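Colleague: So the chains spell out like this:
Protein chains: 2
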Amino acid sequence: MADFDRFDRCEVTCIHEEAVSAVRQVMISDDVAQSLADIFKTLADSTRVKMLFALMHRELCVCDLAAVIRASESSVSHQLRILRTNKLVKFRRDGKILYYSLADDHVKTLFKQGLEHASHDEAWAAQFLDFIK
Amino acid sequence: MADFDRFDRCEVTCIHEEAVSAVRQVMISDDVAQSLADIFKTLADSTRVKMLFALMHRELCVCDLAAVIRASESSVSHQLRILRTNKLVKFRRDGKILYYSLADDHVKTLFKQGLEHASHDEAWAAQFLDFIK
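Protein sequence lines, in the order shown, are assigned to chains A and B.
In terms of the numbering used here, the first sequence has 105 at position 81, counting the first letter as 1, and numbering is strictly consecutive.
In terms of the numbering used here, the second sequence has 157 at position 133, counting the first letter as 1, and numbering is strictly consecutive.
Next up, chain A with everything else stripped away, as it sits in the complex (with noise of 0.2 Å):
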């Protein structure tokens, strides 16, 4: 057994059956940890975080939005679509126009306890919470 595998398992076998029980009976399913993966799935990418942070700040046109990232229209585009499909932004057309907000605040809570989360080690971390209110 190597080294690492010693430290995260018990050194014999040893089920809790009334533990094991306890947590089974409020246990999600497959199905249901799947979504909530799909969801941090969404979040889980570089350029949706800075689009959904720039977004928290104000509603952007999809142009405006491309040029605070400094990325392409399309490459925007694409990312605005999934951001769509999983509800995490909306968008209203003004003429021409086309302007990207937050679909809630969800997002500001998650970009916050993830912050936050980091902060315990990571100085960079505290300071951008000071951002989000």
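Since the hints were made in silico from the structure, they are not lab data.
There could be a bad hint or two in this list.
Since the list gives no way to pick out one identical chain from another, each pair is judged satisfied if it fits inside one copy or across any two copies.
Said to hold, decoys possible - List of simulated lysine-lysine pairs, BS3-like, C-alpha gap at most 30 Å:
{"no.": "1", "residue 1": "Lys132", "residue 2": "Lys120"}
{"no.": "2", "residue 1": "Lys132", "residue 2": "Lys65"}
{"no.": "3", "residue 1": "Lys114", "residue 2": "Lys65"}
{"no.": "4", "residue 1": "Lys65", "residue 2": "Lys111"}
{"no.": "5", "residue 1": "Lys132", "residue 2": "Lys111"}
{"no.": "6", "residue 1": "Lys132", "residue 2": "Lys114"}
All of these numbers come straight from a predicted model, not from anything done at the bench.
Chain A is fixed; fit chain B onto it per the hints.
Modeller: Relative to chain A, chain B alone:
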């Protein structure tokens, strides 16, 4: 231009300089965006979601955790290593038994927000919100 492109783009290029400038001033760096994306990447896996959900309920030893999610100890051990490296879980040794628990309440809040987001449209999400107090 494909239909989906028209749907996700402005029909003219129109950069609102004031908006772009204001958002750029508070924008996160590429490194910060990547670090934040990495946190969400740790949660973007259904096995790890199930393990964290189980630990949200109570502290469990490695054997218990494997029994709860019906996975091998080797697989659970591997995922625990990833969760530990990302500081989402902590452990204590009691003799030959290794007990794991959530590192802090951030995971709980992250899951709660994820479920709340999903519960706009999905009945499954709402029922599990009751579990996370």
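Colleague: Hints broken by the structure, by number, lowest first?
Modeller: No numbers; nothing is violated.
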